[in-house]
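Peer 1: Those sequence lines, one after another, are chains A and B.
So the first sequence is numbered by the numbering used here: it starts at 21 and just counts up by one.
So the second sequence is numbered by the numbering used here: it starts at -5 and just counts up by one.
Heads up, some of the hints might be wrong.
With a straight-line cut-off of 20 angstroms between C-alpha atoms, the simulated SDA-like cross-links for lysine to any residue are [stated by the list, open to error]:
no.	chain 1	residue 1	chain 2	residue 2
1	A	Lys221	A	Gly54
2	B	Lys205	B	Gly85
3	A	Lys25	B	Asp193
4	A	Lys286	B	Asp44
5	B	Lys257	A	Arg369
6	A	Lys32	B	Glu61
7	A	Lys250	A	Pro162
8	A	Lys25	B	Glu66
9	A	Lys26	B	Met194
For the record, the hints were derived by calculation from the structure and aren't laboratory data.
Here are the chains, one letter per residue:
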Amino acid sequence: MILDKKHALQRKLFREFAENEFTKELQDELEATGEFNWDIHNKMAKYGFMGTKIPEVYGGQGGDYLSYAIMDEELARQNLCLSIYANTSNSLGGGPLMIAGSEEQKQKYLPPVASGEKILVFGLTEPGAGSDAGGTTTTAIPDGDDFIINGRKCFISGAPVADWIIIFAKTDLTKKGSRGISMFIVDMNLPGVSLGAHEKKMGIKGYPTCDVVFEDVRIPKENLIGPLHKGFQYAMKTLDGGRLGVAAMSVGLGQACIDEAVKYAKERKQFGRPIADFQGVSFMIADMEAEIEAARQLVYHAAVLKDAGDPEAGLACSKAKYFAAEAANRAAYKAVQIHGGYGYIAEYRVERLYRDARILSIFEGTSQIQQVVIANGLLK
Amino acid sequence: MKIIVTVKQVPDTSGKVAVNADGTLDRASMQTIINPDDLNAVEAALSLKDEYGYKVVVFTMGPAPAEGMLRELMAMGVDETVLVSARQFGGSDTYATSQILAAAIDTYGFDDEDIIMAGRQAIDGDTAQVGPQIAEKLHLPQVTYAGDIKKDGKVLTVKRMLEDGYMTIKVKTPCMITCIKELNEPRYMTVNGTVKCWDMPLTVMDYEALKDHELIDATTIGLKGSPTNIYKSFTPPQKGVGMMLEGSGKETTDKLVGILTAKHII
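Extracted from the complex, chain A is given alone in its bound form (with noise of 0.2 angstroms):
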């Protein structure tokens, strides 16, 4: 596909961006404290990062999602983790928002999340649902105006940092499975919500990510977001979204393996000659081109759909993840295996992008998840 002029010139803003502001420094600081960077937050928000999406009667910069697929290739070509920072507001935290909030649920809440003054994450995995988010066990209980959350959510991405969250609770006990399931916005900052430990994880270093905890934690009836007992059809909707994001992030690393993989194998020389001569290791860099490749047409053909309002984007996007994010993880494993040793060593950049791309095929739905849902499409 070829990018419309203003596509062109917003991929021109977000390369530079990253390009000139990702610096080694701050890449190896995130990795080696697992902390939030807010000064790399706040830069990005002045730019309209955080709303890239979000409407501009929101608050947001009136973007579309080939400009969001746009942004998190281009952020994680240079660096997975920062593109999760500019990610979750425009997907799984404005995403539910977006889709299901009432109008003056969306005028509270989704500008101070557009400018990157307040952070919104999404919770909806819990140590006995993953895959199966029916599964949920946290209720939310009426109690006069009010609803009453007892439950654990856990590897919610931001949660350290957030401000507010969404959660999926179940509100009719005497359903099962994804029935009977519904949306909250809740204050992280209200009595009874605690945060578990930082999880000490594989990649994604400088992006905390914690279980949440909520005990008899009160919130109003305004806090419901989309009709009673239908939650969980939302959840599903948001994530279609947040699969492009994760596909677009899937094609930036992918794009980072290649441009590392090309750089060194030009550079380094054994038997007297650069091993990109011997074609053992230019063959397994076509490869890498030609898949990465086919998996950028996939997510542009996806959010193109999306834009469209097409009822074949969700699908379109569960294919362009489960493609992009496994392609990530044979490009990342082939410039690993150009690099040789060094690409084993963690001064080297190939060892990041690694282990950076094992999350790909897991989080906003595993790769058999998605295989799943594509299965679906064919079969029912």
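The hints should help you fit chain B onto chain A, whose structure is shown.
Peer 2: For chain B alone, coordinates are given in the frame of chain A:
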């Protein structure tokens, strides 16, 4: 109250430089960028806009594809752009260019409190002449090599950065200021800017629009009318890229050893 900034689209000299048979640059075959010093001038104007509410208008002379650059500048925060473009203007040297741009700016109009800004020089010609020549042709005071600009009513205090020191000058508006890269760090576009810039005002001023202006002399514009002619253009042989490590401690030597090891030199 406005600031007019003149900018130039230049070949990206980090790529290959191509030359036409007549010695001028073959711009069509080269990647283009916004002249770096001009970006500093735009940033200075946008900072003053942020502080005092100026309207920022960018002028450029060049072929139609320069529109891409003008849209990019509007995505950064420029309010309006003017593309001065005509076959008759092609191949102009600095004398002819400044004549045309001065006529264009005068046609657009400027007031007592307005400022005109330019980058110090363009990386393709390196002359640093167009800004000052525009000022002369418009009979405006000029301050070159601005490294800092402060405003107090109709008076600007400008710090001129010179090779062996600096000079502080007070100047009344309207005036011309030429800017250097030390002045500031140019901002990026905003996401919203990339969405909005396509509908923002871009005016084209062609030969017809300017030919009757008193500054325009048909015999002294374009390639034929330019008093300077390019005798020969060539790409100088490339020098190796150097790297400088600062410091005299063990940390620096360790870093050096690290770099040499990474490049498999040792």
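Peer 1: State for each hint whether it applies.
Peer 2: For each hint, the structure was consulted:
1. Distance check on the hinted pair: A/Lys221 and A/Gly54 sit about 9 angstroms apart at the alpha-carbon level, within 20 angstroms; holds.
2. Restraint check for B/Lys205 and B/Gly85: satisfied, since their Cα atoms lie roughly 17 angstroms apart, inside the 20 angstroms limit.
3. Only pairs whose Cα atoms come within 20 angstroms are accepted, and A/Lys25 paired with B/Asp193 is accepted, the gap being roughly 13 angstroms.
4. Of the pairs offered as hints, the one joining A/Lys286 and B/Asp44 is violated, with about 47 angstroms between alpha carbons and a cut-off of 20 angstroms exceeded.
5. Taking the CA atoms of B/Lys257 and A/Arg369, the gap is near 14 angstroms; set against the 20 angstroms cutoff, the hint holds.
6. In summary, the hint linking A/Lys32 to B/Glu61 is supported, as the alpha carbons are separated by about 16 angstroms, within the 20 angstroms threshold.
7. Between A/Lys250 and A/Pro162 the alpha-carbon distance is near 16 angstroms, which keeps this suggested pair within the 20 angstroms criterion.
8. For a cut-off of 20 angstroms, the pair hint linking A/Lys25 to B/Glu66 stands: about 11 angstroms separates their Cα positions.
9. With a C-alpha separation of about 13 angstroms, the suggested pair A/Lys26 and B/Met194 falls inside the 20 angstroms cut-off, and the hint holds.
The structure is inconsistent with hint 4 alone, although it conforms to all the rest.
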